[in-house]
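Protein chains in written order, with my numbering: chain A, 1 to 228; chain B, 1 to 228; chain C, 1 to 247; chain D, 1 to 208; chain E, 1 to 208.
Some clues are possibly wrong.
Claimed, not checked - If you want the footprint, here are the derived chain D segments under chain B, 3+ residues with CB under 8 Å:
1) 46-52
2) 84-98
3) 102-115
Keep in mind the hints are simulated off the structure, nothing from the lab. Note that the Cβ used here is the ideal one computed from N, Cα and C, for glycine as well.
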Amino acid sequence: MTLRRSATQAAGAVMRRDLLLAFRRPGDWLQPLAFFLIVTLLFPLALDPELGRLRQLAPAALWVALMLASMLALDFLFREDAQDGTLEQFALSGQPFAALLLAKTATHWILTGLPLAMVAPLAAVSLGAPASSIPMVLVTLLLGSVSLSLIGAIGAGLTLGVRRGGALLSLLVLPLAIPTLVFGARATQLAIMGESAEGPLYLLAALVVLGLTLAPLAAAAAVRISLE
Amino acid sequence: MTLRRSATQAAGAVMRRDLLLAFRRPGDWLQPLAFFLIVTLLFPLALDPELGRLRQLAPAALWVALMLASMLALDFLFREDAQDGTLEQFALSGQPFAALLLAKTATHWILTGLPLAMVAPLAAVSLGAPASSIPMVLVTLLLGSVSLSLIGAIGAGLTLGVRRGGALLSLLVLPLAIPTLVFGARATQLAIMGESAEGPLYLLAALVVLGLTLAPLAAAAAVRISLE
Amino acid sequence: MSWAWFHRFGSPPYFYRVAGILVPWFAWPAAILIFVGLTWGLVIAPPDRLQSDAYRIIFVHVPNSWLSLMSYSAMAIAAAVGLIWRIKVGHAVAAAIAPAGATFTAVSLLTGMLWGQPMWGTYWAWDPRIVFELIMLFFFLGYIALRNAIDDVSRADRSSAVLAIVGAVNVPIVHYSVIWWNSLHQAPSVLRVNGPSMPLAMLAPLLVSFLGFTCYFFAVMLVRARAEVLRRERGGDWIREAVAGST
Amino acid sequence: MLELSDLHLWRGDRHLLRGLNLTLAPGQVLQLLWPNGTGKTSLLRTIAGFMHPEAGQVRWKGQDITAGRDAFHLDLAYLGHEPALKADLSAAENLRFATGMRNGASIPQIHDALLQVGLSGLRSDQPVRSLSAGQQRRVALARVFLWDANLWLLDEPAANLDASGQQILCDLLDRHLGGGGMALIAAHQALAVDSSLCRLWRSPAEQP
Amino acid sequence: MLELSDLHLWRGDRHLLRGLNLTLAPGQVLQLLWPNGTGKTSLLRTIAGFMHPEAGQVRWKGQDITAGRDAFHLDLAYLGHEPALKADLSAAENLRFATGMRNGASIPQIHDALLQVGLSGLRSDQPVRSLSAGQQRRVALARVFLWDANLWLLDEPAANLDASGQQILCDLLDRHLGGGGMALIAAHQALAVDSSLCRLWRSPAEQP
Ligand code: HEM
Ligand SMILES: Nc1ncnc2c1ncn2[C@@H]1O[C@H](COP(=O)(O)OP(=O)(O)OP(=O)(O)O)[C@@H](O)[C@H]1O
Ligand SMILES: Nc1ncnc2c1ncn2[C@@H]1O[C@H](COP(=O)(O)OP(=O)(O)OP(=O)(O)O)[C@@H](O)[C@H]1O
Ligand SMILES: [Mg+2]
Ligand SMILES: [Mg+2]
Chain A
1 MTLRRSATQA
11 AGAVMRRDLL
21 LAFRRPGDWL
31 QPLAFFLIVT
41 LLFPLALDPE
51 LGRLRQLAPA
61 ALWVALMLAS
71 MLALDFLFRE
81 DAQDGTLEQF
91 ALSGQPFAAL
101 LLAKTATHWI
111 LTGLPLAMVA
121 PLAAVSLGAP
131 ASSIPMVLVT
141 LLLGSVSLSL
151 IGAIGAGLTL
161 GVRRGGALLS
171 LLVLPLAIPT
181 LVFGARATQL
191 AIMGESAEGP
201 LYLLAALVVL
211 GLTLAPLAAA
221 AAVRISLE
Chain B
1 MTLRRSATQA
11 AGAVMRRDLL
21 LAFRRPGDWL
31 QPLAFFLIVT
41 LLFPLALDPE
51 LGRLRQLAPA
61 ALWVALMLAS
71 MLALDFLFRE
81 DAQDGTLEQF
91 ALSGQPFAAL
101 LLAKTATHWI
111 LTGLPLAMVA
121 PLAAVSLGAP
131 ASSIPMVLVT
141 LLLGSVSLSL
151 IGAIGAGLTL
161 GVRRGGALLS
171 LLVLPLAIPT
181 LVFGARATQL
191 AIMGESAEGP
201 LYLLAALVVL
211 GLTLAPLAAA
221 AAVRISLE
Chain C
1 MSWAWFHRFG
11 SPPYFYRVAG
21 ILVPWFAWPA
31 AILIFVGLTW
41 GLVIAPPDRL
51 QSDAYRIIFV
61 HVPNSWLSLM
71 SYSAMAIAAA
81 VGLIWRIKVG
91 HAVAAAIAPA
101 GATFTAVSLL
111 TGMLWGQPMW
121 GTYWAWDPRI
131 VFELIMLFFF
141 LGYIALRNAI
151 DDVSRADRSS
161 AVLAIVGAVN
171 VPIVHYSVIW
181 WNSLHQAPSV
191 LRVNGPSMPL
201 AMLAPLLVSF
211 LGFTCYFFAV
221 MLVRARAEVL
231 RRERGGDWIR
241 EAVAGST
Chain D
1 MLELSDLHLW
11 RGDRHLLRGL
21 NLTLAPGQVL
31 QLLWPNGTGK
41 TSLLRTIAGF
51 MHPEAGQVRW
61 KGQDITAGRD
71 AFHLDLAYLG
81 HEPALKADLS
91 AAENLRFATG
101 MRNGASIPQI
111 HDALLQVGLS
121 GLRSDQPVRS
131 LSAGQQRRVA
141 LARVFLWDAN
151 LWLLDEPAAN
161 LDASGQQILC
171 DLLDRHLGGG
181 GMALIAAHQA
191 LAVDSSLCRL
201 WRSPAEQP
Chain E
1 MLELSDLHLW
11 RGDRHLLRGL
21 NLTLAPGQVL
31 QLLWPNGTGK
41 TSLLRTIAGF
51 MHPEAGQVRW
61 KGQDITAGRD
71 AFHLDLAYLG
81 HEPALKADLS
91 AAENLRFATG
101 MRNGASIPQI
111 HDALLQVGLS
121 GLRSDQPVRS
131 LSAGQQRRVA
141 LARVFLWDAN
151 LWLLDEPAAN
161 LDASGQQILC
171 DLLDRHLGGG
181 GMALIAAHQA
191 LAVDSSLCRL
201 WRSPAEQP
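Next comes chain A alone, as it looks inside the complex:
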C-alpha cells in the first residue's frame, strides 16, 4: 500500500474531505449565502425604495455584498485546518502544497462563490434589474467570485500566523480585490443597462487567469511560513 498517490489524487482527496465536512456543517456554506441575500435585501430597506434609483445602485449593491460575503467565508478557509494541525499534515504529505491549497480554495469557491453567483441574479432582479440582463450578470459574478476566492486565499494564508487573523484579513484582501470589484461592477452595470459588457469582462477574465497562476503559489508560501 506504499504506492505514492499522484498530486491530482491527493487534491481530489482534499476536495472530497472538505465537501463532506461542508455537508456535515451546512452552516458554513449557508451562512455567506444568507448573509448575501440579507445584505442585498438591506439596501432597498436602507434607502426608500424607488426602482429607478435602485436599478442604478444594483451593481454596487451586488458586488459589495458579494465581496463581503466571500470575505466573511474566507476567514474559515485555512484557519480551522491550521488550528487542528491538519495543514501541517498537508505540508508533510509529500504532495505539491500549492496544489492541495488550490484544491481547498476550489472547494471553498464551489461552496460559497458558486452559490453566491447563482442567487445573485435573483437579488439583482429584486433590485430592479431587467430579467434579460440575468445571463450577463451571472457570468460577471461567476468570474468575479472566482478571482475573489483566489485573492482571498492569499490573505487567509498571510493572516494564519496571527491569532484572530480575520483582524488583518480584510485589510490585506480588499485592496487586492478592488480591481475585480471595479471591472465587475462596471460589467454588471453595462449588462443591466443592456449594453455590451465585453471590455470589462475581458479584464475580469484576465484577473482570474492572473489569480490562478499567482494565488496558489503565494498562498502556499504564506501558509508554509505560518507553520513555523
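With the hints as your guide, set chains B, C, D and E with the ligands onto chain A.
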C-alpha cells in the same frame, strides 16, 4: 487574599484584560476600521462616481458598511475565549456570568463600534454628505453601533452553542439588526438631507435600551449551553 | 558576472558597516537639495500662465508621488531578495522602507488633494490614479500591520515579504492608470518618450527637489535598516565590536 | 466536603456513569486512574456544573451545587485539558487577570507562584504562545493554587510535565491537602502524594 | 538514515540547540527525555522542515532535506501536540482522508488499524469531537502507522494514553523498528521498547 472580588471588580478585570489584548494586537481593532473605510470606498468605485447620486446612496452605504464591519468583528467576540477554555473559567469564577459577558461586549464596542462611529462621518463626507450633517450622523451611528454590538453578542453566543449552526450568526443577527439598520439609515438620511431626524433617533435609542436589558442574559444563557 | 558582491552586501556585518559610512553622504545632500529645490520652486520659479501660484505644489507633490512608487518597488524587491535567497538584510531593508514609503504616499495624496481643490474644484475625486494610490497606501499600512501582528521576527519578515511582493502588481496600475482610464489626473508630462512637456524653469527645480527627496529617502532607509539588522543579529559577536566601534 | 450520590451520566448514547457514589472529606485526594474514554473528564465537568447528570446529585457542604452555584464555584478550582491561557499575554499577565476575577493576587504573590512552578526564568514580556506545552501547563498550575480554592478538580494535570514538574505538582498537592483542601484528579500514572490521604480508583466499575 | 550535523536553533531570543549532532540508523529509536522547554518539539519540527536552523543541516539518506523535500516527507510520519483530526468527521473518515493523500488505504485496512489501537467499539458515525482525549490520541496513532512511513517523529505520543494505550504504542513501535523503521520520540517517561534498539537521551547538553 481570599476576600471575594465584587462583580464590578471582576468585570473591570475582564475589560482591562481585553483592552490589553487589543493593545497587543492593534490589528484586531484597526481592522474593522480599515474594513469600514475600504467598504465605503468601494461603493463609489462600483458606481461611476457622480456626487449627486453618491449622496443619495450615502446612508445605505454607511449603514451596511457599519453593520458588516461590526458583524465581521463580532464573530471573534467569544470564539477565541471558548476555544482556549477561558469562558469555562469565567463560568466558574463565581461571578455573575452575564456581567462578565456584558463587560466583554462593552470592550468590544469600545474597540470597534466607537472608532467606527468616529470615522463614519468622514466617510459620509467623502460620499458627498454636507459637513453640517456630521454631528447628527455621528449620533445615529453611535447609537446604532451599540445596539449592533449587543445583538451581535447574542448571535456570537448562539453560534458557540450550536456546533453545526454556523449560519445562525447571520440568520439570527442580521434579521435582529434590521430594525436598527432601517431606523439608523433613515435617521442618517434625514440628517444628510438636513431635516430633523428625531423620530428614528428615539426608536434607535429604544432599541439600545432593549438590547442592554436582554442581550447579556440571552448571551449568557447561550454560552453556558455551549460549555456543556 | 560574479555574485560575490551580492552575497557580501547580504552579510549583515558588511552591510552594517557600509550603510553606516553611506548615511552622511545622503543626509547632507538631502538637506541641501531639498532646501535649494523648494526655495527655487516655491519662490524663484516663474508663476504658471494658467494656474498662477497654485501649481507650485508640484514641487512637493510630484517628487513624493514618484518616490511613493519607487519606494514600493524597492520594498518589494528587497523583500523578494530576502525571501528567495534567505538574506536577512533584504528583509531589514524592506522593513526600513515601509514607513518612509507610507509617508511619501500619504504626502502625495495630501498634496494631490490640496492641488485638486484649485484644479478640479474638489479635494477628493474618485479618479483611478487617486484610488490606486490610496490602495498603495493600504498596502504599505497592511505590510506594517502584518509585521507588528507577528511577534517572531523571522516569520514576520517572510509573511510580510509575500504581501509586499503580491502588492507590487499595484505599482504599474498606478503609473499607467492615467493612460488606461480617461482620468482627471495629469498624463505624464515629465517622464515621456518624446521628452518632458514642461518649461525648463519649472523642470529644473522639480528635478532638484526630486533628487533631494530621493537622498532623504536613502538616508532614512539606511539608518532604519541598520537598526533592523541589529535586531535580527541576536548575539552575533560582530555586533559587540560594531557597536563598540560606532560609539 | 464533596458528596456524589447515585450519579447517572449519559454522553450521547453511552451510559457512562451508573449510580456512582463518592465522598471526599477535607485533606483527602482521590485519583481517578480509569481507562481512556470511561468518563473521567465527563465526571469532573459534571461536578464543576458544566454537564447535568440524568440522575443523582452533587452536594458541596451538604448543599446541592445547582442551588448555591456561585458560592460553590468560589470554592472550586478546575483545570481541564485546555490550559485556558491567553496566548498573547505573558504568564504573569494571565495570572493577574485570572486572579483579578476572583481574589486579587498581588504582583509579588504572582511572581512567587511562577517561581514555585519553576518558571522564574521567563522573559517578563514573553507571550504564552511562545511557551512550550509543559511550560503552559505549569502556568495553569500556578493559577490553580493562586486561587487557593478549597476543592481542586484537575484533569490530567501531569500531562506534558517533566519529572521535576511532576514533583512540583505533588508538593503543591501535599501543601493543599495539609491545609485541609480536597482534590479530585484524573490521571494515568498515580501521583506520589502522601498515601495516607490519597485513594486510587482504578475503574468506574468498582467503588472507590 | 537520518543525520543531524552541528545543528543550531534559535527560538525568539533563546539559543535552544547549540551544535547538535545525531544519527539514527534503520531499526533504531531515540527517546528525547529532555526537561520542559528545552527544545524537543522545536527539534522535531526542525527535522520535519517546519523550522529552519540558523546553522547546521538535516540529512536524510545522505541528502539535505531542503533539497529533496517532497521525497523526504513521503518517508516521514509526524505526530505533534495537536492530533490533527477533523472534529466533525468520524475516526474512520479521518483516517481515510489522511491516507488518501499519501498512499490509499482500503476500508478493511482502516478498520484493522482502529482495532489495533483499541477503538473497535466506536459507533461508526461518531464524530471525533465526541471522543475523549485519549481516544483521539489513539486515532492519531492509527494514522501514523497506516502511513507506514520509514521515519516516525512522535511528540509525546503517550500523552493522555492509559496503561493499555501505552502498551499498544510500544507494540506498534517494536513492529515498526523490526521492519527497519526509525523513530525519534519526545517523551517524559521512557517507553518500554526493546532496549537493544532504544537509546534514551536525558538532556540536550550531553550527546546521545
Ligand atoms: C489626491 C490626488 C492625487 C494623487 C493621489 C496623485 C498621485 C500622483 C502620482 C502617484 C503620481 C506619480 C505618477 C507616476 O510617476 O507614474 C503623480 C504625478 C503627478 N501629478 Fe498627481 N496626484 C493627485 C492630484 C494631482 C493634481 C490635482 C495635479 C494637478 C493638476 C497633479 C499633478 C501631477 C503631475 C504634474 C504629476 C507628474 C506627472 C508625470 O510627469 O509623471 N496630481 N500624481
Ligand atoms: N456525543 C457522544 N456520543 C457518544 N459517545 C460520546 C459522546 N460524547 C462523549 N462520548 C463518549 O463518552 C466518553 C467521554 O469520555 P471522557 O472524555 O470523560 O473520558 P476520559 O475518561 O476523560 O478519557 P481520557 O482518559 O481519554 O481523557 C468517551 O468514551 C466518548 O466516546
Ligand atoms: N518566540 C520565542 N521567544 C523566546 N523563547 C521562545 C520563543 N518561542 C519558543 N521559545 C522557547 O523555546 C522553547 C521551545 O521549547 P519546545 O516547545 O521545543 O520545548 P519542549 O522540549 O517541547 O518542551 P515541552 O516538554 O514542554 O513540550 C521554550 O523554552 C520556549 O520558552
Ligand atoms: Mg479526559
Ligand atoms: Mg513539546
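Please count how many residues of the segment 102-115 of chain D have a CB within 8 Å of a CB from chain B and say whether that reaches 3. Coverage by chain B holds for the segment 102-115 of chain D (6 residues, Cβ < 8 Å).
Proximity test - 8 Å, beta-carbon atoms, the segment 84-98 of chain D to chain B, at least three hits: Check passed, 9 qualifying residues.
Annotated coverage of the segment 46-52 of chain D by chain B, confirmed only when three residues or more have a Cβ within 8 Å: Holds: 5 residues of the segment 46-52 of chain D have a Cβ under 8 Å from chain B.
Violated hints for the displayed structure: none, as all numbered hints are satisfied.
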